[in-house]
Every structure is written in structure tokens, then in C-alpha cells.
Amino acid sequence: MSNTTFGVRRRGGGDIIFAITNYSVFIALAFLCAYPFYFLIINSISANDVSALGQVRWLPVDVHLENYSQVLQLNGLPMAAIVSIARTAIGTLAAVLASAFLGFMFSQSKMWGRQFWYRFVIITMYFSAGLIPVFIVMKTLGLTNNFWVYVVPFIVQPFFIILVKTYVEAMPESLQEAAEMDGANIVQIFFRIFLPNMTPILATVAIFSAVAQWNSFQDTLIYVTDQSLYTLQYLLYMFINQANSLAQAAQNSGGNLSGIITAATTQTPTSIRMTVSVLVVLPIIFIYPLFQRFFVKGIMLGAVKG
Amino acid sequence: MREYPTSNGAAGDDMTSQLVLQEVAATELEESPAAEKASRKQRRQAGGRRSIGMFLCIVPFMVLVFVFSYFPLYGWIYSLFDYRPALGLSGSEFVGLQWFELLVSSPTQVAQIGQVLLNTLAISFLGIATSVLPLIFAIFLNEVRAPWFRNSVQTLTTLPNFISWVLVYMIAFSLFSSSGLVNNVLNDAGLITQPLKFLDTDQNVWLTMTLWGVWKGLGWGAIIYLAAIAGIDQSLYESAKIDGAGRFQLMRYITIPQLMPTYLVLLLLSVANLLNNGMEQYFVFQNAFNKETIQVLDLYVYNIGITGNSLSMATAIGMLKSVISVALLLTVNWIAKRVRGQSIV
Chain A
2 MSNTTFGVRR RGGGDIIFAI TNYSVFIALA FLCAYPFYFL IINSISANDV
52 SALGQVRWLP VDVHLENYSQ VLQLNGLPMA AIVSIARTAI GTLAAVLASA
102 FLGFMFSQSK MWGRQFWYRF VIITMYFSAG LIPVFIVMKT LGLTNNFWVY
152 VVPFIVQPFF IILVKTYVEA MPESLQEAAE MDGANIVQIF FRIFLPNMTP
202 ILATVAIFSA VAQWNSFQDT LIYVTDQSLY TLQYLLYMFI NQANSLAQAA
252 QNSGGNLSGI ITAATTQTPT SIRMTVSVLV VLPIIFIYPL FQRFFVKGIM
302 LGAVKG
Chain B
22 MREYPTSNGA AGDDMTSQLV LQEVAATELE ESPAAEKASR KQRRQAGGRR
72 SIGMFLCIVP FMVLVFVFSY FPLYGWIYSL FDYRPALGLS GSEFVGLQWF
122 ELLVSSPTQV AQIGQVLLNT LAISFLGIAT SVLPLIFAIF LNEVRAPWFR
172 NSVQTLTTLP NFISWVLVYM IAFSLFSSSG LVNNVLNDAG LITQPLKFLD
222 TDQNVWLTMT LWGVWKGLGW GAIIYLAAIA GIDQSLYESA KIDGAGRFQL
272 MRYITIPQLM PTYLVLLLLS VANLLNNGME QYFVFQNAFN KETIQVLDLY
322 VYNIGITGNS LSMATAIGML KSVISVALLL TVNWIAKRVR GQSIV
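First to last, the protein sequences are chains A and B.
So the first sequence is numbered by the working numbering: it starts at 2 and just counts up by one.
So the second sequence is numbered by the working numbering: it starts at 22 and just counts up by one.
Chain B with its partners taken away, still in its complex shape:
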């Protein structure tokens, strides 16, 4: 489960961002050349005065966007210096590509980055592998006939989406720490004598992180598919039924194919976000035992940059990450254009 990089921290949950992208796709498609031409003509007729006046109304907001999203790009220059905040940029030594060379030349650094990349990709791929679960959830929930039951399930399963990762960690702690509920129950049942270490271990970290992601996001992720199912033309089902299709045939030949476009768009976008896991989840779950396998790129940048004070190194890594992410996004967009005839960005 990934988050989009937002320059200002509180990234929305991944589902939200994925929806955004879909929305963008839809919006961008609307702006056909013909419509654009028409609007240009309209604009000329309306006269420049009014249109400039309207623009002036939004200028303060455009300034905010520039300051918080575009202006920080200038900071990439820090990756070429040995930046010391106390000295300022002019006082810091210019080191050229030293940080980038360091990334690939020192064996310890290479090993560390390698492990971080491995963690990042492993957790991302597990996230992609589990991305089919909300789809299945939605299809089967749609088979439930009692509306009150459907609504209750939806309300209860979307609840975890609305709590912070800190609280998720608190829940994990109270249930799975060595004095937590699960160990207590197992102990009382005589199944274990030593508490099992669910949290203070480097084993299965990728898997447990994925499972927490599923716990938090499953119900919420299903909403978009439930919406899409509601939008399927009912006559498709009716005619299939007349032809004698059973429940599973309806799913297989109608529901799933109808949901595929939505699923594919979300899948492609998660590929574009391979390197962006966000850091909050991994930050709260990290400890001395699991540090090695939980450190994803976003957390690594935080750990060496803010905690470890290697500002220039962290900038260099963050920069590479952003560039690769944009490249991935463009690639995926190109694939989508080739395959589906429409772009997703």
C-alpha cells in the first residue's frame, strides 16, 4: 500500500490518491482539441479584461503551489554540496557528484542501499499482489442480499482506513507485543511458554507490513469497485441469466471483465509508485530488531537526513527517487496509451 509523494507530508491514503489519478484521467480526456478551440474562441469574445481579472483571483493560491511544490526543486542543488545548515549554501563546500559516486562506490553504502531498495521493492510488490483483494471483497459483498448487513460490513471494514498509523501501531502493540492479548491468550491455552515476538523481530517484516496495510485499506479499497459494480448495465446480467448463467458465471463473464479497466488503471498507477511507500507506517513500526528489513526508501531518507544529519546525501537519494518515479509514471502512461488508447495521467 503506497502513498504518493506529497511535498508537504500528510499524504492522503493511497486509495484517495489513486482516485485522484483516475479523476485526472477522466478530466484530461474531456479537454478534447475541439473543446479547447471552442473555449479559446469564447475567451476571445469575452474580452481579455475579465479573464485576467479572474486569473488575478487565483494568483495567491498559485503562489502557494509554487512555494511549496516547485520552489523546493531548487534544493536539489544541495546534493552537489557538502551542505551544512549552520554555514548556509554559500559556506558549504561544492563537491560535485561526490554523493552520487559514494552511492555506488563504497561497498558498505552499496550494501545498505541495496537492502533498502530490496525492502522497498518487496513491500511494493506484496502491495501489488494484494491489490486484487479489494476487488474480490467487492464482488462477494455485492452478492450479499441484506442491505443492512452490507452497510454494516462496509462501515466496520472502512473504519481502519480513517485512523492514523500511530494508532494502528498502538493496536498492533496492545494485541501483539509480548505482554499483549494474543500472547496472553496463547499462553493461557497452554500453546506457548515463551511469548512470541511479533513486533520485535526482523522475520516476516515485509509480510506483516503488507498485512497491516491490507487490514487498514481493504474495506476502503473496495468502495471504488462497489461503485463500479453499481454502474454495470443490469441488462447484461438479465440476458445472461436468461441464457442460464449461474452466480459464478455471472461473476466470471460479466462482473470481472467490467471491473478490469478500473483495476488496470489502479494497477498501473501502483507500478508508477513502486518507490513511494511513504514513511509513516514504517517509522512507527521500526525498532532496533527490524530496522534492517523495514527501512524503505522514504524512511531511509528520513533516517539519514533528519536523524543522521546527512542532508546532502538524503537530498541526492530523494532526488534520484523522484526522477525514477516520474520516469516510471511516464512509462506506465505510455503503456496505457498504447494498450488502452487513453492516457492515465
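In isolation and in its complexed conformation, chain A is listed as follows:
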């Protein structure tokens, strides 16, 4: 792939200087991107009195996992975790299935008004009625303070449909023709023939959707006041702003919950913030590298073409 991998290269002094500079800059950039995450993690497992003073910088101090067991007992956090997991799972499943189906259907030239309906969907990427009118529609439909506000508006997503449609159009036509000969109807063709053959693009769509669902914050902010529907992101935002009082509450109840409390395990605003952040970011850190090659490929498909 790289233009430097073939042919004989002269390695002059200039080349070496270039390589050193190049590598250094990229190491610095990678460090800038990775260190903040590392910083959160080492602070969440270090002695709380040390981390509160900002003295944990390179290595964790007096490692303990007490923060996690205490923070998980904070008011509302288990519920928020359930809501976040549920919306991510259900929302992603719905979006993936709908994108797969619509992407497939829009590739069918025989469908009545295909061009029109495809544009009807795609154009919605370019305009929005605005916050207030959308809010009022949500309210009228009873979607405010309703779990389904996290799922229903995100079922049809133009971007995903485009990705799937492009993918389907690159698949051999004979696949469908053969199935039609055998008398399969369009729904059967979709489920039996196409869906199983779309795994790479569906993995791409799934990871995009899952990350968006997991990270979504704005919809809780706008449409939800019911505490039992708060998401982890929203709770994290509240925790950043209220960490002092939460630390107090954790200190007060700490005695009952975890036996002996020491300075190292007493909750501080810092320990609460860091620990909740790690809980929110950990799933992404673990899952995203596994899927990276899928979506890099998915994007290449689009980019090279455009």
C-alpha cells in the first residue's frame, strides 16, 4: 500500500532525519490521545487521598478496587447502566435490521417509486425543522419521558442505508436471479440470501450505531426528566457537576457498605468522577479495536468510490 515499500531506497542522512521527526511526531500525537484515558484509569484504582491531590501521574499508587464497588452503589447508577445497555442493544438491533432491509429494498429497481422514496429518505440528512418543533412532535407522540425516544427516531438512518445500498449493488446479480427462479419472494430473498452475505457492512453499521447510542447525551437532556430513564452519559455529566455532594453521601454510607474505611478508600470528588468515567469508557476501549478493521474497510469502500 505504502509508496515506500517497493523499489530500492537510498537511505541518506535526510531520510533518517525525516524518519526520526516523523516517528517522534506520531508518538507524541498517540501519547496525547492515549494518556488521558490512562490517567483516568490509574486514578480510579489509586489511593483516593493521593489521587485527590493530583499526585497520581504515571503509575497507580496503592492499587485498590474499592472505588468500583462503592460507585456502583451510588444512587441511580445501576439503573442508568441498564438503560444505557438496553438502548444500545435494542437501538442497534433495530437500526441494523432496518438499514439492511431498506438498503436492500432501495437496490431493487422494480420497486414502485424507488428513486422518489430513496431521495425522500436521503434528503432528511440535509435539513431539520429545528429543536423546538421536533421537541413538540416528540411530546405529542408521548415519547418524552419514554424509553422508546432512544430507539424509534433512530430506526431509519440515511447514512447506514446508503452504506448498505452501495454494498448490495456491488454484490453479483445472479444471487438474486437464482433465488427468483426458485420462486422465493422478496422477503425470503432478503432474509435467506442477502442478510447472511452482508456481515461486513452490517458489522460496520452495528458499531457506528452502538457507539452513537452508548454516547448519546443530548436526547436524555432534551426529552427526559424521569430519573429512571437517565443514561450513564447523563449521569456522568451530573456527577461532574455534583461530585462534592456525592462524595459526601458516599462517605456517610461508606461505613455500612464496605466495612473499614481508610483515607485511601474514602470517596472524594476526584475518585467518583474518575471511576464513573472509566465505567463509561471501558466498554468502548475494549470493543472498538476489535471492530476497527471492519469500519476502516467499510469507509474505504465509500471513500475510494467517491
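In case anyone wonders, no lab produced these hints; they're calculated from the structure.
Warning: the hint list may mix true and false statements.
Stretch by stretch, here's where chain B covers chain A in the computed footprint (C-beta under 8 Å, at least three residues) [to be verified]: (1) 35-47; (2) 102-109; (3) 115-123; (4) 144-156; (5) 227-239; (6) 267-278.
Far from chain A by the CB rule (all over 12 Å, computed), these chain B residues [what the hints assert, rightly or not]: (7) Ser111; (8) Ser152; (9) Gly211; (10) Val360.
Now the in silico label distances, taken between C-beta atoms and shown as ranges [stated by the list, open to error]: (11) Met172(A) to Gln279(B): 27 to 37 Å; (12) Gly184(A) to Val84(B): 44 to 54 Å; (13) Val26(A) to Arg105(B): 51 to 61 Å; (14) Leu196(A) to Leu123(B): 29 to 39 Å.
Note that beta-carbon positions come from the ideal geometry of N, C-alpha and C, so glycine has one too.
Please arrange chain B on chain A, whose structure you already have, making use of the hints.
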């Protein structure tokens, strides 16, 4: 770094949306008149029955699109009323263009809107100015020979793209608040006696917002260019090398020109999105100190509409914003057609 307006909140990251648009461009181009004619003929042959049946399968989804994207447009009518949710539309007073007049007649309102527009445009232009960074990043990363190093850099630098703005703010807070890491380190080094206010200040807000945007989006933004570089015909490089071109000449005369079309499309689209910064980033970073300079249009609409309860005013501003954005998009599309001979929408 901008987000596209999505009627339903969780806008994808800007790179994603930009890719969409590119995709659309490619897809739309495919549908040449000839192909359309052919497909029409095919459709007639297949008989109307089946094609209507296929359409019926997608009807439920079209209803969803209508309800969440088209139907809210009806709500623009609120901008002509003094809308009070408790009274409903029929109980609210019809005020005509009062809200639009208010926008340009009251000096305080004009000053406020002026500041909001200034913030919006400044942050957008800084975003456009930094849009060249992912391109540079990709070109130089491509010069790295060790695949494991390239992959590691790519993985680590794209990570910030996948976290929420809330978490970005949390990171900013733990590093840059007055009791945060940076102030601690500077203090221990004896460089400062008073903590520096990185977050609770109205100074350099545009710049810091841009820098956070770059931090979050740089690695991810480079992916599309890396893909495009991988697609460049290798024989171009080979023949240039035979002619004795050095590394920088290859970049200048081959890589950069080859990437220009991709860059230009993305650039034009960011111009079309001048007014759409999204609100999440600015919402989490806003505080009593920086409110004046951080308030972009999207955040302003939220602040006066949801927090301040001026629903009609917020609708009016949101409406103007949407109309101007669509106009910008059409203009940019027209320019692209004139200049490059193909449309981007």
C-alpha cells in the same frame, strides 16, 4: 468541527456525515438518465403488482421518516404565534412576524444575536482552517514504514472519536481545572503560583473549542485520506521515482493533487454547514464565565427555547438557520457543479 442537523438529536460525528454526503454524490451520479430509462422499462415488464408489493414492505419506515423529519416542519408555524404549551396552538396569540422583527429591532436582541453569529462563524471558520490537518496527518502517516507502528498510531488516535463530548469534558476537567493535572504539574515545577484558568474563562474559547475538536477528530478524519492514498495508482509513483523524484516531490506532485478532489468535497460541505456546529460540545463546556463567547446558534436555540422557555423565538431562529443552511448547501452544490462538473448533493 460541525455536525449535521439531524432532526433527532444524536448526530453522527462530522466525519461520518461528510462521508455520507460523498456517498450520496457517488450514488446519485450512478443514476444516469440511461440507467433510469432502462430500470423504468424493466419495472414495466415486471408488472405493477410486485413493485407495489415491494413498496408496501417499506411503508412503515417511510411513515417513520415522515413523522420524525417532515412532519415537524409544520411546527414552523409556532414562529408566527406567541406559543404557550399550556394553551396549545389554538389558545396562543397570533403575532405574525413579531419574532422576526424583534430579532432585528431591539438593540439588546441584535447585540446578542450578533455575538452568537460571531461565535458560530468564528468556530466554524477555525474548524475549516484546521480541516487540512487530517490530510497532513494521513500523508505523513503513510510515510511510516512499519505496519505495526502505523496501526498502533491509527488505533490510538481514533480512540477519542468514539467517546462522548461529556467524557471529553470530563477529561478536560481532570486535566485542566484549577485542581487538575496541568495546574498541579506547573505548580510543582514552580512555574505558577496561582492556578491558570483554562476552563472558567471567556478568553480563547473559540481556540480551545477548536483544539478539542481537533483532538477528538484528527485520527478519525485521516482515515478517509488514508483510504484515498491507498487507492492512488502506484505506477504514478514508480514513474516519478524513475524520473528521480524525492519523497517531498512525490507528495507535492502526486499525493496532494490526487487527494484534492476528496478534500474539496469535504471543504465545500463544511461551508454548507457553516451554521450547524451542533450543541453537545458547547453545552458541556459552557459555564458562567464563558457563556458569552461559547454560545453558538444551536446552543442558543436550546438555551432560549428549552431552558428559557421562549419557544416561539427559538423556533423562529431555528427556522432561519435551517433555511440559510439549505440555501448554502444549494449554492455550494451549484459551485461544485460549475467547477468540477458534478454535484455533491
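Worksheet item: For which of the previously enumerated hints does the structure constitute a violation, in increasing order of number?
Response: 12 and 14
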